[in-house]
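Work out the full structure, taking the sequences as your base and the hints as a guide.
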Amino acid sequence: MNPFSSGTRLRDMIRAIRACKTAAEERAVVRKECAAIRAAINENDQDYRHRNLAKLMFIQMLGYPTHFGQMECLKLIASSGFPEKRIGYLGLMLLLDERQEVLMLVTNSLKQDLNHSNQYIVGLALCALGNICSAEMARDLAPEVERLLQFRDPNIRKKAALCSIRIIKKVPDLAENFINPAASLLKEKHHGVLITGVQLCTDLCKVSSEALEYFRKKCTDGLVKTLRDIANSPYAPEYDIAGITDPFLHIRLLKLLRILGQGDADASDCMNDILAQVATKTESNKNAGNAILYECVETIMSIEDNGGLRVLAINILGRFLSNRDNNIRYVALNMLMKAMMVDAQAVQRHRATILECVKDSDASIQKRALELVYLLVNENNVKPLTKELIEYLEVSDQEFKGDLTAKICSLVEKFSPEKIWYIDQMLKVLSEAGNFVKDEVWHALIVVISNATDLHGYTVRALYRAVQTSTEQETLVRVAVWCIGEYGDMLVNDVGMLDIEDPITVTESDAVDATEVAIKRHSSDLTTKAMALIALLKLSSRFPSCSERIRDIIVQNKGNLVLELQQRSIEFNCILQKHQNIRSALVERMPVLDEATFSGRRAGSLPAAVSTSTGAPRNLPNGIAKPAAAPIADLLDLSSDDVPAPSSSGGDFLQDLLGVDLSPASAPSGTSQPPKAGTDVLLDLLSLGTLPPAQSSSSTSDILSSSQDNKAPLANLNGLSSLPSLSPNATSPASAASMMDLLDGFGPSPQNHEENGPAYPSLVAYESSSLRMTFNFSKQPGNPQTTLIQATFTNLSPNVYNDFLFQAAVPKFLQLHLDPASSNTLPASGNGSITQNLKVTNSQHGKKSLVMRIRIAYKMKNKEVLEEGQISNFPRDL
Amino acid sequence: MIHFVLLVSRQGKVRLTKWYSPYSQKERSKVIRELSGIILSRGPKLCNFVEWRGFKVVYKRYAGLYFCMCINQDDNELEILDIIHHYVEILDRYFGSVCELDLIFNFHKAYYILDELLIAGELQESSKRTVLRLVDAQDCIVEIAHQQASSGIG
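First to last, the sequence lines map onto chains R and V.
Residue numbers are given in full-length UniProt numbering: position 728 of the first sequence equals residue 728, and the series is strictly consecutive.
Residue numbers are given in full-length UniProt numbering: position 76 of the second sequence equals residue 76, and the series is strictly consecutive.
It is possible that part of the hints are untrue.
Residues on chain R that point at chain V, a partial pick, calculated with CB under 7 Å [as the list claims (entries may be wrong)]:
#  : residue
1  : A78
2  : G81
3  : F82
4  : Q119
5  : Y120
6  : K159
7  : I165
8  : Q199
9  : Y239
10 : F248
11 : K286
12 : N290
13 : A291
14 : S364
15 : N862
It should be emphasised that the hints constitute simulated quantities derived from the structure, not laboratory data.
All values derive from a computational prediction rather than experimental measurement.
Cβ atoms here follow ideal geometry from the backbone N, Cα and C, with glycine treated the same way.
Spelled out as structure tokens, the structure:
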């Protein structure tokens, strides 16, 4: 009978599985067992039900499907004996999770068991409820749990306290019912009850400000006293860890005190003494002591200021940082990040040690240290710190290079004291880790180079040198090719030689060689090749002697399989052959790109670093910013009647000429640029693909007006009748998306978001005659990859839908997390709705847009209905 | 809060999983695969924390078994190390110098002990003796019930 005593078959099954030599053998054994269990289930076999469930749990742990055993758990739970219930509840927690509807069926059994006379059965029910209850169950069973907080046995009280935490997390509205019983738990002596009670209060404070106020007023003194008692308690073997009585209780008390003290001077005052005592008296030679110190430091930094205490805390962190134990160093770095907000000067003192940690062999420590160094850099130390980081870039692991590169680029941009230093550092980064450099970073570099008129010669020569040795760094090649195209003559003629440069002899044909290599290299991507083609067109005019050779190269690409390159080659060839008269004007040097506009467009599209000060951090004077669009447009002499006065900024120009959208930035509302029809003409002539700038303005009306501005003249000019007509909100991103498809790969560069995330228009993601689904989007600050979507379902038919189930699938580059729906019944005729939250993480954020397949199932008049669809009209930059 | 507890052997075999946050079966196996890959490949001298998907995973190796717990960014990593050790000591006392085989053949007991230690991803009891007493008491009830059943039949 006993499934676990000797000679039972659970043991035999485990042995048989362990004896398997191959995965196939194991599968065979499991298949046989599962078949037997299914048969037993079908026969409703009672004697071996618990043994079968135990086997299923083991099989489940091996990763095989075991859903067919779920009902068995419920049957065992419903039986009367403790042994059956014990195994049934264990199975329930292992085989089911809160998202399964079977779970609803167990609510009744749970209710009975919570009222059972056997306290161990009550304990089992509380444990299961605390581990897997859903919002509905929480609502149904909250009164039972609330009552059990006053149960006579402390072991039930502590379980009820933790169960309450789950309940208030699922249904925050219920918090107020728990405030009073939770407060009374704080007065108990039993450590289990005290620990769980303190934890419950902490979580109550997080969901209810009412609770926070209440505990702050009524419980702060008591908690301080409890902490003092426990800190001063004599040796207690039952709770002793490394000479400290119950470190777990210490830590929980410190955590709750932190929440009570935060933003409240009186409460903070009240706990100063005990914090000082814990910070000074706690032994730090064992992990337990350090865990307490760590928590104590965090509490000191979070509560209202007390100078003396903070010095104490920073000193503890300093000690941690020089500890030999990696764990301690890790938490020190972690906490120093928080200390930066409190006392940046004190943290600066540890700069050298922190910098060493960036080079640690432990990836976890590296990552923490890099984050911290990033915060430590300021105008005064940027040069030495950048030097160190770039030197380390050369030897760091591949996995770490991405992070490191992004941080260096951001620092260089933010704090660069002069242009030449900025250019030098960026060239070093591009040569070392160009493949990790984000698009907006090298775009910004080009803008800066364009503005540094006296450094053009220097830069193009440096780039030429660099590209000879680091041919595999894509972004380096792009910047080099661009500069060679623009400033090729300076490269050849040693214009603007600086004293620090080594002399270099480059012939015209060398310059063409460098560009040709970029086109012919297999690993070059489309953008690079397209840029190289333009550079060649430019060089053909700069170097008349190489003109024939350049034409040959261009002609070779006329048969290119990539449409974009093919088209460009044909057109450029046409310019070279038939339009000699306008060529030199057409390929004139780019007008100086307007830095202010560029950084304005970038604002909000940059990582946190620059978001506070657009353009300002680089105090580089803008060069001559002349609106050079007009002459070019005029030269082309194309239907200039239709062209409104061009007022395009240089930034647009670069973007358009390159055919790569430099930064399709949201023109910040209010300062949005007027239409740039002039460039559109030029664009169109060159067939570089016109991009309607993807908009992410904060209001729908903005999107509308500006995208119409941008598109309308275009439509007039080239009679693109297929241009999608613009209808309000939702379709606007969609039409942009269809344009994007046409451009094949020339989509706008990543568009990150402002820290607090811009608002997105809500989207009717799916609509049929019977159902409408609307998406509302939001972003978490600091996490641009993740989009929170609230789906709202509305019933458009006159019938109620039951068993409503929404499912979604996404491609591999996305990760989808579905929260449970607010209900599974959808009232008729739009009288109410179901909401469900989705979390989508886009690992290709900025490169690919969200896309999702959906399936919605429900029962209408007891008839199953299934609706499916695909959503591809998400806002582009999610 | 602890989101899940994972026991993985050095060979990557799962010995215990306990989920306090909702993960579908599919996600669970993905998480296990991903994390055991990261953790098993870390060197012995490195720190016991891994940053993963915006969470932290605290792990500690005891003989051939890795005990892993996944927590929030702002939780106390050092304390989790003590919780892991607390659990291991209780297992050790319960089984009498525990080894991996005990946890394989008596996996359900490892779960029962864990359920007396953690609920809803929070620590329930800091006294090892209390945990052991509660588990023993319940084992005893089961034992008596089985004796009665067999004598009833016999």
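Please write out, lowest number first, the hints stated earlier that are contradicted by the structure. 1, 4, 11 and 15
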